[in-house]
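Novice: Now for the letters of each chain:
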Amino acid sequence: MNKMSHTNLPGYQRGAASLLIALVVLTTITMISIYTSRTVVMEQNIASNDYRGRMAFEAAEAGQDMAISYIANGRNPDDDVHPVGATNAGRDWLAAEVDADGNDISDPNEWLFGTTNTLTLPNGSSATVTLFNRSTDEIISTEITSVGRSDDNAATRTITQTVTLITPLPNIPENPLLTRSTVNITGNADIFNPEGHSTIWSGGPADLSAATVNTNIANPAGANYPDCLGDAANPCSMVGSSSNSIAGLDIVEQDSSLANLTKDEFFLNFFGKLPTEYRNSMVTMDLDMATTSSATASTTIQLATNPEIIWIEGDLDLSAGSVIGCAIDPGNGLCTGSNIQPVIMVVNGDLTYSGRAQFYGMLYIAGQVKGNGTPTTQGSIVVAGDPSDLKGNFNITYNSDILRQTGESGKPASGGGSWRDFK
Amino acid sequence: MVQRKEAGFTVVELMIGLLIGLLVLGGIFSVYISTLKSSGSTLKSSKLNQEMATIMTIMADDIRRAGYSGAGPEVSVLDNPFSKAGETALEVHSLSGTYSNAGVQGSGSCIVYAYDLNKDGALSIANPAEVFGFRWDGPGSAIKMRTGVSAAANINDCNADSANWFEMTDNNFITISGLTFALTNSSCVNITEPNRMVEGTGATPDTALAAGATENFNERDCYNFPNFSPDTGEMTVEIREVIITLKGALADDPDVTLTMTQSVEVRNNLIRITP
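Residue numbers (this note's numbering), protein chains in the order written: chain A, 107 to 529; chain B, 82 to 356.
Don't take each hint at face value.
Take a look, some chain A residues computed to stay more than 12 Å from chain B by CB distance [said to hold, decoys possible]:
(1) I135
(2) V146
(3) E167
(4) Q170
(5) S425
(6) G437
(7) A519
For each label pair, taking beta carbons as the anchor points, the in silico distance ranges come out as [said to hold, decoys possible]:
(8) D258/A with S119/B: 49 to 57 Å
(9) N199/B with A327/A: 17 to 25 Å
(10) G191/A with S243/B: 33 to 41 Å
(11) A291/B with S241/A: 57 to 65 Å
(12) N179/A with G178/B: 33 to 41 Å
(13) T368/A with S243/B: 34 to 42 Å
Derived BS3-like pairs (lysine-lysine); straight-line CA-CA distance at most 27 Å [claimed, not checked]:
(14) K379/A with K369/A
(15) K328/B with K118/B
(16) K225/B with K379/A
(17) K118/B with K128/B
(18) K529/A with K118/B
(19) K529/A with K128/B
(20) K225/B with K529/A
Don't read these hints as lab results, they were simulated from the structure.
Positions of the beta carbon are idealized from the N, C-alpha and C atoms, including for glycine.
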């Protein structure tokens, strides 16, 4: 017998029971742990999917907000300012590279519809924004679709919202001169409508007898007639219609549909809002004549570099030589091309002019027009006061293009009720 | 006589051996028990977590869409059929006996709203139902989801059409112990302000602002400005924020509980003209 035989004895194997139990238990623990860890891994997957889903949603929202703010700011495409993270080589984010109409803001006609615009966010997620044209004849509107992606491109969320430009001039007048009541023209007045056959439309009598008036309308015998009607870019050749001795068909007077309107209703006709509401919500330059001198106001409103909606509360004596709605003073010539920054000017009072003055856009006078001078207007003049006395050498040329451009200074509003995140 | 070598252990040896064996086994079993316990609670909490997160996501994503209309820009926001105040606009109702409107900044356990599921711009109360809602009727109840109404008058009614409210949680699996929709952080802006007028309280008419005086900016806040409600004809924009609080426990282990809170901004604001 040696010591080896010692260990072979059954009595020495009793520890095996412990070992066996320990093994079984350890195996069970391992299996439980594996099962638990699988559940934990699954939960982790769910949590990270949730996180990526949120990330994609937030990226989509970021892209959309960026697009809305871009549209709202009307940034000049010529400035080449891109949002941080925007990757569009060779062109602007959402808009064409060039400010085509030269008015220094990105207008609906420079927005690029149907092309994708990418925005990469600092956390690695990205958004792809596409604009779709939803404009109708009356409304300028765009649908913004933003597809957000998580940093690993695994999650995608799409949100859509429509932004509508609230146009400051929903109903563009179709006459060079429109008055709610009587209009008396004294002096030398030239009224042109190269886009139609109507010049003066008044609710009361239009008295031209004391003046040397000439109205000119589109010539039906002209070369490009009738395509030229309503086309400011290719206007019709004109033919004389009325004068102080002949009242032509271009003058519509004593129209009760105008005369019966209150001043507020008359205003509502063109601007779609009541005067107080309009002043509060749309106006970009508000001058209260109770606290501002006419000289200061005249300086403030002229030579604007951006299209403005000007509200003058009270009577304005326009200084001689004022040029409103043009970036430069063209002297005795006319403002042209990108210098034209048409304005909407509402004078809630009387407008008195003297000397030379130029105006581009829509001039609305709630009171009367007075004065003596040589004012030139491209666009349209609307007078609500009674009576309207136009003295001096008036020159009014109707231009629908200039009037339409004033509409672009509208404010965008995301249409309440247009947000959705499903297809 | 053959001397037989004694093969046994002494009592001391045996006791030491047993003790060591017992200690080892005890250690192993305690590891086993704790693994089993922690694994069990991990599984339970993960189960509860997943279930409640799913419910929360469903509710939050759906509430966010309230007021959507596919009618397009031609239809004024004021005519949005899915966001008509007092009819289809989002409302929170609180329960005391029966459900009643909790108000613009109130909170309650029932929420009703509508959105344009098929994007046709017209409200439909069945096939497809474009009116939705969630409610919880108190302890012992499951969360219910609304799948339509029988009449247009019931759109903002949490009590009506009980047949159209379906349970979306299983009482045998989780016990819901609380569900609140709170509009506490919602705000309202009167967009006609500032209007250069001093708002009159109650029926007192507005008066013109004195020359040189500054207008109270708070007049814009049509929820909180004291004694002030917007005048007839004034336009207001209401930005609704719903804070959803969900509390639940596992049915087979009430000790496993979870409270979740999520805040949802309803993207389509309620725009209306004060009648």
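Novice: Next step is simple, just say for each hint if it's right about the structure.
Specialist: The hints, checked one at a time:
1. I135: Since the minimum Cβ distance to chain B is about 5 Å, I135/A lies within 12 Å and the statement is violated.
2. V146: 6 Å, violated
3. E167: 9 Å, violated
4. Q170: Violated, since 10 Å does not exceed 12 Å.
5. S425: 26 Å, holds
6. G437: 40 Å, holds
7. A519: 9 Å, violated
8. D258/A with S119/B: 49 to 57 Å: 31 Å, violated
9. N199/B with A327/A: 17 to 25 Å: The hinted range 17 to 25 Å is violated for N199/B and A327/A, with Cβ atoms some 55 Å apart.
10. G191/A with S243/B: 33 to 41 Å: At 51 Å between Cβs, range violated.
11. A291/B with S241/A: 57 to 65 Å: With a Cβ separation near 45 Å, A291/B and S241/A fall outside 57 to 65 Å, so the hint is violated.
12. N179/A with G178/B: 33 to 41 Å: Distance hint for N179/A, G178/B is violated at roughly 53 Å.
13. T368/A with S243/B: 34 to 42 Å: For S243/B against T368/A, whose Cβ atoms are near 54 Å apart, the range 34 to 42 Å is violated.
14. K379/A with K369/A: Holds. K379/A to K369/A sits at ~12 Å (cutoff 27 Å).
15. K328/B with K118/B: Judged against 27 Å, a Cα distance of about 24 Å means the pair holds.
16. K225/B with K379/A: Status violated; Cα separation ~45 Å.
17. K118/B with K128/B: Roughly 15 Å separates the two Cα atoms, so the pair holds.
18. K529/A with K118/B: 46 Å, violated
19. K529/A with K128/B: 31 Å, violated
20. K225/B with K529/A: It holds: about 25 Å lies between the C-alpha atoms, which stays within 27 Å.
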